[in-house]
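**Student:** Here are the chains, one letter per residue:
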Amino acid sequence: MIENYILHILILMSIYSIFAVSYNVALGYAGLLNLGHVAFFGLGAYTSALLTKAGVPFVVAFICAGVIAAVFGYLLVYLTRELKGDYLVLATLGFSFVFTSLMLNWRWLTRGPLGLPGIAKPNIFGLVIKGNLMYFIFVLIIAAICLYIMWRIVSSPFGRLLEATRDDELGLRVLGKNTFNLKAKAMTVSAFFAGLAGSLFAHYISYIDPGTFYIMEIILILSIVIIGGVASFKGSIVGTIILILLPELLRFLSISSSILGPLRQMLYAVVLLGLLMYRPRGIFGRVDLE
Amino acid sequence: MTLGIKAVSKNFGGIHALQKASLDIKKGSITAIIGPNGSGKSTLFHVISNIIKKDGGKIEFEGKDISELADFSIARTGVARTFQEVRLFKNLTIKDHLAIAISVDDECLLKNAISKPDIDEAKIKEALRLVNLDKPLNTYATDLSYGQRKLLDLAVALAKPHSLLMLDEPVAGVNPRLRKEIKAILRTLKKKGETILLIEHDMNFVMDLADDVYVLDEGRVIAQGKPKVIQKNKKVLDAYLGE
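Here the protein sequences line up with chains A and B, keeping their order.
Residue numbers for the first sequence, in the working numbering: 1 to 290.
Residue numbers for the second sequence, in the working numbering: 291 to 533.
Please keep in mind that the hints were generated in silico from the structure rather than gathered at the bench.
There could be a bad hint or two in this list.
To be verified - With a Cα cut of at most 25 Å, we get these calculated DSS-like pairs of lysine-lysine:
(1) B:385 x A:84
(2) A:234 x B:425
(3) B:296 x B:317
(4) A:234 x B:343
(5) B:470 x B:415
(6) A:234 x B:401
(7) B:343 x B:385
(8) A:84 x B:343
(9) B:317 x A:234
Remember, it's a predicted structure, so these values are computed and weren't measured experimentally.
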């Protein structure tokens, strides 16, 4: 029993580490404050769940989850290319509301608020990933691959350009760099990996509904990135461990579940506020969030 | 001729920032644009780089019309520039700045993720040697003094592949010693055959440096010629010096 619980936490940490690092690629490295990132996670989850329900093999559905999210990532940057600052933030927030609204109302496809139950466990060329230990090993391998690819990207000369885009876009353009393309690539990569994380989440939890990908989730992921440190790779991983573990401590208090949910949000807020006041760059951060 | 600016105009509401300004920049020369505050010097630079869209006129660079190109495309044709305010990437090091300026294929995501292209350290060191900036390569831009940031800004523009260097007030806000140093750097660059277009507020700075001087006032070119002639031009003295 306790083993399964620990494995459950480890699985969530692995999935959320992909989700958080993917967010940091866009937010921390490219400076795109995107409040619609949770929609990419949801797009990946719904794409993968619907495709596997339609009989598509998991491997194909998993890749499609990333690709569909990436396509929407590119579209989001393209549609908001003239927006800056607060306007961009509001537009991306609007994108996440549109996604939730679509999932709620596109009932023949998504079953609306009833959600999608019975999402099958991943079947990889006949090998069914069942049981928490097997699923943990599976997500750990996928997370290691995803994190390695994202690390290669941000530590490459391309990653250096993303950081320059964040620091001074005009200064970079007069050096002959197409900053729109750079931002579009950053958001596409970020959305792709968020989509993959969403697929892993859906096939683990086996039930998703539009509420799973609501605004609260973006607060969690934003908190992870800020607490770990903006533009810090290891910071996002450490932030994930902290923010997945912290609310679990509340389970050991004898509090009713109706209070537990709001208390969890309050805990995130207190940790975030405390950190912003006393360590504004987060644990490993080297960049101020402007 | 490297750069030809033909009857370029720009209005901001009712303000005529540029009024049919025409300039010819010759290859291998230093051309200075001088004029009082608000005369349109920096606006002209922004219009050449297409950071600000012009209302009329034409801009040719090395025989090609660059009027409709995006700002980054103009930079790719070989126009390097600095701004009046130093624009550096505050969370990047000296080495990062110069590597960005030198690289031409760092925008390719796949190529960069698969193999890490080598940085040409010799080019980085050469750019720093030209501007006499002797600081460790891993120094962050924010850890430099104002004068050192000015020099790094100049080194970045020099390191970027270019055939025209546009400098917007390169000695603004620097101490007299660094001012002399920058003047010497510009002389060295001229000897190397660089084509430089320079904005300067202080007429004395450019008089023994520039080959040609254009004087702007209220967006118009009111005089053009050799520095010694410009110095004695009555129109210039009236408009620029208020005498």
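**Student:** Take the hints in turn and mark each one as holding or not.
**Tutor:** Hint check results:
1. B:385 x A:84: violated (29 Å)
2. A:234 x B:425: Cα-Cα ~29 Å, so violated.
3. B:296 x B:317: holds (17 Å)
4. A:234 x B:343: Measuring from Cα to Cα gives roughly 43 Å; hence the hint is violated.
5. B:470 x B:415: holds (22 Å)
6. A:234 x B:401: Judged against 25 Å, a Cα distance of about 24 Å means the pair holds.
7. B:343 x B:385: violated (33 Å)
8. A:84 x B:343: holds (19 Å)
9. B:317 x A:234: violated (51 Å)
In this structure, the hints that do not hold are numbers 1, 2, 4, 7 and 9, in rising order.
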